[in-house]
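Engineer: Using the sequences and the hints, build the whole thing.
2 protein chains.
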Amino acid sequence: MTTTQLIEQIHKKRSFLCIGLDVDLNKIPKHLLAEDDPIFAFNKAIIDATHQLCVAYKPNTAFYEAYGLNGWKALEKTINYLNTNFPEIYTIGDAKRGDIGNTSTMYAKAFFEDLGFDSVTVAPYMGKDSVEPFLAFKNKHTILLALTSNKGAFDFQTEIMEGKELYKQVLETSKTWTNSQNLMYVVGATKTEYLGDIRKIIPDSFILVPGVGAQGGNLQDVCKYGMNDQVGLLINSSRGIIYASQDRDFAKASAEKASELQRQMQEILSQ
Amino acid sequence: MTTTQLIEQIHKKRSFLCIGLDVDLNKIPKHLLAEDDPIFAFNKAIIDATHQLCVAYKPNTAFYEAYGLNGWKALEKTINYLNTNFPEIYTIGDAKRGDIGNTSTMYAKAFFEDLGFDSVTVAPYMGKDSVEPFLAFKNKHTILLALTSNKGAFDFQTEIMEGKELYKQVLETSKTWTNSQNLMYVVGATKTEYLGDIRKIIPDSFILVPGVGAQGGNLQDVCKYGMNDQVGLLINSSRGIIYASQDRDFAKASAEKASELQRQMQEILSQ
Chain A
1 MTTTQLIEQI
11 HKKRSFLCIG
21 LDVDLNKIPK
31 HLLAEDDPIF
41 AFNKAIIDAT
51 HQLCVAYKPN
61 TAFYEAYGLN
71 GWKALEKTIN
81 YLNTNFPEIY
91 TIGDAKRGDI
101 GNTSTMYAKA
111 FFEDLGFDSV
121 TVAPYMGKDS
131 VEPFLAFKNK
141 HTILLALTSN
151 KGAFDFQTEI
161 MEGKELYKQV
171 LETSKTWTNS
181 QNLMYVVGAT
191 KTEYLGDIRK
201 IIPDSFILVP
211 GVGAQGGNLQ
221 DVCKYGMNDQ
231 VGLLINSSRG
241 IIYASQDRDF
251 AKASAEKASE
261 LQRQMQEILS
271 Q
Chain B
272 MTTTQLIEQI
282 HKKRSFLCIG
292 LDVDLNKIPK
302 HLLAEDDPIF
312 AFNKAIIDAT
322 HQLCVAYKPN
332 TAFYEAYGLN
342 GWKALEKTIN
352 YLNTNFPEIY
362 TIGDAKRGDI
372 GNTSTMYAKA
382 FFEDLGFDSV
392 TVAPYMGKDS
402 VEPFLAFKNK
412 HTILLALTSN
422 KGAFDFQTEI
432 MEGKELYKQV
442 LETSKTWTNS
452 QNLMYVVGAT
462 KTEYLGDIRK
472 IIPDSFILVP
482 GVGAQGGNLQ
492 DVCKYGMNDQ
502 VGLLINSSRG
512 IIYASQDRDF
522 AKASAEKASE
532 LQRQMQEILS
542 Q
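So the sequences go chain by chain: A and B.
Mapping of the first sequence onto our numbering: position 74 corresponds to residue 74, and the numbering continues sequentially without gaps.
Mapping of the second sequence onto our numbering: position 162 corresponds to residue 433, and the numbering continues sequentially without gaps.
Hint data in this document are derived by calculation from the structure and do not stem from the laboratory.
Values in this document were obtained by computation on a predicted structure and should not be read as measured data.
Nothing false has been slipped in among the hints.
Each computed DSSO-like pair below joins lysine-lysine, with the alpha-carbon atoms no more than 27 Å apart:
1) B:K283 / B:K315
2) B:K409 / A:K27
3) A:K109 / B:K348
4) A:K151 / B:K435
5) A:K200 / A:K164
6) A:K109 / B:K315
7) A:K224 / A:K257
8) A:K12 / A:K44
9) A:K30 / B:K380
10) A:K109 / B:K301
11) B:K315 / B:K284
12) B:K446 / B:K471
13) A:K30 / A:K252
14) B:K422 / A:K175
15) A:K109 / B:K344
16) A:K175 / A:K200
17) B:K422 / A:K164
Structural biologist: Rendered as structure tokens:
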């Protein structure tokens, strides 16, 4: 999906919500455990109930790899289900990959070609030649970790390197990479006070914002400091939506939570 | 496997060689493509031919994920084959993972429990709470990226942060984390001139050194600057060994390449 198509979807649905499909078998409704593929059954129910309220889904690969082959199978089924039935949905493989050049190419193939995601999250530590292989794919986005939502972000990301914080170095340096127009960035919702500065460095890029909800981030603040003329934001909520209920009505409960956020977004977009 | 057991194996085999199982179907002998599982068939042949010459194998997950479900299946079969038949072999899941705390726990479960690796490589960008979930696993090692073998290492890793290079900050900061005795570090063989300084910061830790061979690193130099009293080095070679030949004798050819390195290591250990 192109950036333009994503922006069209945001205006059509009046939503820039991304739902994180982080499936933990200890947290899903117990009756689903009797299904052949409980992970996919859960995802399908959540997707069916919420796909009109959001523009994107973001499975985090850790939650699938933890269940081995069955997990990887469920991930494949989930992305196939989305691509087949909801081509208007933007998909993010939250994988935080990154390796030397020829190896990053293999990861890019895995996520863009084999699985068929629109985008993948990538860690910047290994620099330019670890990220450019992802950027080489047309109509695909590479979502680079800039300032993450966790406490550990203060260990290195906010420390001063050559006169400015490491995450600012990452933002500025990445703009010089080949096909940098295919970059988006991760900035945690728990770091809203940094968003104003970040927008000065990357005025036009989309920012994926995790951490609204369970991690404590605030939607109004994120929009106040992070929104640009093209919206430029994808706000992710995972646990706050998908684990809204552990009962048989879990999908309905998740749709209600998603709807709350969508209504807030609609209001913000109409301002 | 404990560090002590790994050191015992190194002295027993007179080798600190790690073989990287980075299987690319375009590079393996053509006759293997007729096998049910060409990736596993290739790995099994390489392992059978080389397991007495090395102490460790390191599959890089990118090369398995690129082949989807079949790739993940081949990865599972490879690690199971190693754990069942060669329990004296140390295994490294080269995955370069790292995420917020609860998600890193899922990755740690995937690699240490589900797949059963002895260790996994982890990226430091997200800081303490993204790495400590890996460190919590007993008798497992977390191999933190410090200074990687690629050119992009100079984008951020060697830049000065708060008075010293980022990779040195990573080394020093990581020593303060809970269960830091379970840490090893990645330092590329193309950066031998940095190894002396690195040894001052982490005198006792094992260092995994990729980049000997295809990437141009030199074994003698790595040992000169990187070795400690407990050897403290695992030297990885991937392409240089496993793609030594594309003919039916490929396994024998890979054993010859591994044997060359093992003999050099034996000589170094005897000095």
